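*Asks:* Could you put together the complete structure from these sequences and hints?
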Amino acid sequence: GAVVSQHPSRVICKSGTSVKIECRSLDFQATTMFWYRQFPKKSLMLMATSNEGSKATYEQGVEKDKFLINHASLTLSTLTVTSAHPEDSSFYICSARTLGLKETQYFGPGTRLLVL
Amino acid sequence: AQKVTQAQTEISVVEKEDVTLDCVYETRDTTYYLFWYKQPPSGELVFLIRRNSFDEQNEISGRYSWNFQKSTSSFNFTITASQVVDSAVYFCALSDHMEYGNKLVFGAGTILRVKS
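Residue numbers (my numbering), protein chains in the order written: chain C, 1 to 116; chain X, 1 to 116.
Take the hints with a grain of salt, since some may be wrong.
Unchecked claim - A few chain X positions that, by computed beta-carbon distances, are all more than 12 Å from chain C:
1) E15
2) N76
3) A81
4) V84
As the list claims (entries may be wrong) - Result set (EDC-like, lysine to aspartate or glutamate): computed pairs, CA atoms no more than 16 Å apart in a straight line:
5) K70/X / E56/X
6) K42/C / E10/X
7) K38/X / E10/X
8) K103/X / E26/X
9) K70/X / E26/X
10) K41/C / E44/X
11) K16/X / E59/X
12) K64/C / D88/C
13) K66/C / E87/C
14) K20/C / D65/C
15) K115/X / E15/X
16) K42/C / E44/X
17) K103/X / E59/C
18) K115/X / D86/X
19) K41/C / E10/X
Calculated directly from the structure, the hints in this document are not laboratory data. These figures come from a predicted structure and were not determined experimentally. All residues carry an ideal CB built from backbone N, CA and C; glycine is no exception.
*Replies:* Pasting the structure below:
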């Protein structure tokens, strides 16, 4: 149980284009999903907290117009990197919090984004 | 403010050796949760354990064991008889008792290399 998927696993795009990353909880309902960014050999940095049916809460320093987050259902959250630039290249990981075990976050496999 | 310190940046051991990964945390909350996650080269974070602040019992799961000591604010992780497949980055994380959100604060991670 508690499986989270992400799609795509890897994406290469040209500078200026937008990229959408999907995060799905496959076997449970997630009222809250989290989006993280991880640079090579670094720890995870929380970007935003996404609650189903409401606006995402962004961490300080994260541009909400740049990183659009939508949490339309209890099993799906999307992160759209708008007008991507090379400095947006990173490993993006989502996690979902279960209803039953509120304190535990289960993570997706991550999406590697490379902006040329 | 919450903080997690993993002082060991990288550890190398030979297969079958025991290894302990250190984790020291800071929080003002009386109710909190501690986690360990494993991140193999594939990138996906694998949940290993959750411990709440009221449960100081040490836990053993196969070759893994955890030592939670509130007096020293530590939550150390020991792998007994290490194997090559244990090679990964290990993250310790802390979450407070927020009713809605439960943000995770991650340590910097410890790279474990197990050589055959």
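*Asks:* None of the hints should be skipped; say for each whether it holds.
*Replies:* Evaluated hints:
No beta-carbon of chain C comes within 12 Å of the beta-carbon of E15/X; the shortest separation is about 24 Å. The claim that N76/X lies off the interface holds: its Cβ sits roughly 18 Å from the closest Cβ of chain C, which is beyond the 12 Å cut-off. Remark: the non-interface label on A81/X is consistent with the geometry, its nearest Cβ contact in chain C lying 27 Å away (cut-off 12 Å). At roughly 20 Å, the least C-beta separation between V84/X and chain C is larger than 12 Å, which holds for a residue marked as non-interface.
Straight-line distance between C-alpha atoms of K70/X and E56/X comes to about 7 Å, which keeps the hinted pair within the 16 Å bound. Between K42/C and E10/X the alpha-carbon distance is near 12 Å, which keeps this suggested pair within the 16 Å criterion. With a CA separation close to 14 Å, the supplied pair K38/X and E10/X stays within the 16 Å bound. Taking the CA atoms of K103/X and E26/X, the gap is about 14 Å. The hint holds against a cut of 16 Å.
A threshold of 16 Å between alpha carbons decides the hint, and for K70/X with E26/X the separation of about 10 Å falls inside it, so the pair holds. Only pairs whose Cα atoms come within 16 Å are accepted, and K41/C paired with E44/X is accepted, the gap being roughly 14 Å. Among the hinted pairs, K16/X with E59/X is inconsistent with the structure: their alpha-carbon atoms are about 20 Å apart, more than 16 Å. Taken as a hint, the K64/C and D88/C pair is honoured in the structure, with Cα atoms around 14 Å apart against an allowance of 16 Å.
Straight-line distance between C-alpha atoms of K66/C and E87/C comes to about 12 Å, which keeps the hinted pair within the 16 Å bound. This hinted pair checks out: K20/C and D65/C have alpha carbons roughly 14 Å apart, not beyond 16 Å. Pair hint K115/X plus E15/X holds up; C-alpha atoms about 6 Å apart against a cutoff of 16 Å. With a CA separation close to 14 Å, the supplied pair K42/C and E44/X stays within the 16 Å bound.
Distance hint between K103/X and E59/C is fulfilled; the C-alpha atoms sit about 11 Å from each other, no more than 16 Å. Under the criterion of a C-alpha separation no larger than 16 Å, the hint pairing K115/X with D86/X is consistent with the structure, at around 10 Å. Distance restraint check for K41/C and E10/X: the Cα-Cα separation of roughly 11 Å lies within the 16 Å cut-off, and the hinted pair is therefore satisfied.
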